[in-house]
Amino acid sequence: MPRGQPDYYTQNVPSQPAFGEGQTNWMVAEDGDIAASSYADLAEYTVPDGYELHLMGGAFGSDFPGLTRYSVSLMGVALGIGYMDTFVVLPLHPAAAYVVPALYTMALRVYNDDTIVHNFAALGVGFIVKKGA
Amino acid sequence: MKKVKVRRITIIGDKIEITTRMVTMKHQSEPEETTLKPPKKEK
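If you read the protein sequences in the order shown, they are chains B and C. Going by my numbering, the first residue of the first sequence is number 3, and it counts up by one from there. Going by my numbering, the first residue of the second sequence is number 117, and it counts up by one from there.
Everything labelled a hint here was simulated from the structure, so no lab data went into it. A hint or two may mislead.
Said to hold, decoys possible - Residues from chain B shown here face chain C by an in silico Cβ test under 10 Å; the list is partial:
(1) VAL30
(2) GLY34
(3) ALA37
(4) VAL49
(5) ASP51
(6) GLU54
(7) ASP65
(8) LEU76
(9) MET77
(10) VAL79
(11) ALA80
(12) PHE89
(13) TYR100
(14) THR107
Here the structure is a predicted model, which is why all the values come from computation and not from measurement. In this text, a Cβ means the ideal position worked out from N, Cα and C, and glycines have one as well.
The shape of chain C in the complex, shown without the other chains (with noise of 0.2 Å):
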C-alpha cells in the first residue's frame, strides 16, 4: 500500500476549507472489502 497526497477543498455551511492529505492507494491485486461493518459508535 502507498500513500499519496492529495488536496482537498471542503465547504460545509460558510465555512471553506483548502487542505491537504494523505490518502492510501491499494493495488488492484489486493482483494477489495465487501462485507459492510456498521461504524463503532463513540462512548
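Only chain B is shown next, with the shape it has when bound in the complex (with noise of 0.2 Å):
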C-alpha cells in the first residue's frame, strides 16, 4: 500500500536559493537599441580581483521576430554563437555553471542580424564567491 508523498510531482518546484559562506547572489540586466547589423555585449561584468563569477543562467530578448544571434564572451571574444527568435535561455545550469575567473570581463553579447534597429535585453544570473572562502 502507497503512503507518503508520491515519487514525482506534476509540476516544478522551485529551490531556495541558498549561497554558501563567501558568496553572493549576482545579477545584471541590460537593455538597449542595438542599430542594425551591428552587435554589442550587454550585461558586461568585470570580476572583481579575489572572486570568481559563477554564471547560473541567463536569458536574451528582442524585439525582433526573426533569428538573430547572441553569444557570451569572455574579454571580448565570443564563446560558442546561439541563435534565437526574439527569446533564449541560456542553457546553463546551477549546478554546471560558467566559471569567470578574477579580473576576466565577461559580457552577453547581442546581435541584431536586422537591417532597421531592434531593442535587446540580455539577462546574467548566479553569484560571486570570494576564492579561498
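Using the hints, put the two standalone chains together into the complex.
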C-alpha cells in the first residue's frame, strides 16, 4: 500500500536559493537599441580581484521577430554563438555554472541581424564567490 | 563604431543599482576578436 508523498510531481518545485559562506548573489540586466547589422556586449561585468563569478543562468530577448544571434563573451571573444527568435534562455544549469575567473570581463553579446534598429535585452544571474572562502 | 545608451540593473548582495551606461556597437563587417587575452593584473 503506497504511503506518504508520491515520488513524482506534476509541476516544478522551485528550490530556495541558498548561498554558502563567501558567496553573494549576482544579477546584471541591460537593454538598449542596437543598430542594424551591429553587435554589442550587454551586461558586461568585470570580476573583482580575489573573486570568481559563477554564471548560473541567463536570458536574451529582442523585439526582432526573426532569427538573430547571441553569445556569451569573455574578454571580448564570443564563446559559441546561438540563434534565437525574440527570446532564449541560456543553456546553463546551477550545477554546471560557467565560471569566470578574477579580473576577467564577461558579457552577453547580442547581434542585430536585421536591417533596422531593434531593442535587445540580456540578463545574467549567478553568484560571486570569494576565492579561498 | 557607434555608442548606444543602455539601461542597467545590477543586484549584488543586498545592493540594487539602476544606472545607464554607454556601450560600443560594432558593425558586423568588422572582424570579431578571436584571441583570448588574459586580463592585466593591477599593481
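Which of the stated hints cannot be reconciled with the structure, identified by number in ascending sequence? Those not satisfied are hints 6, 7, 12, 13.
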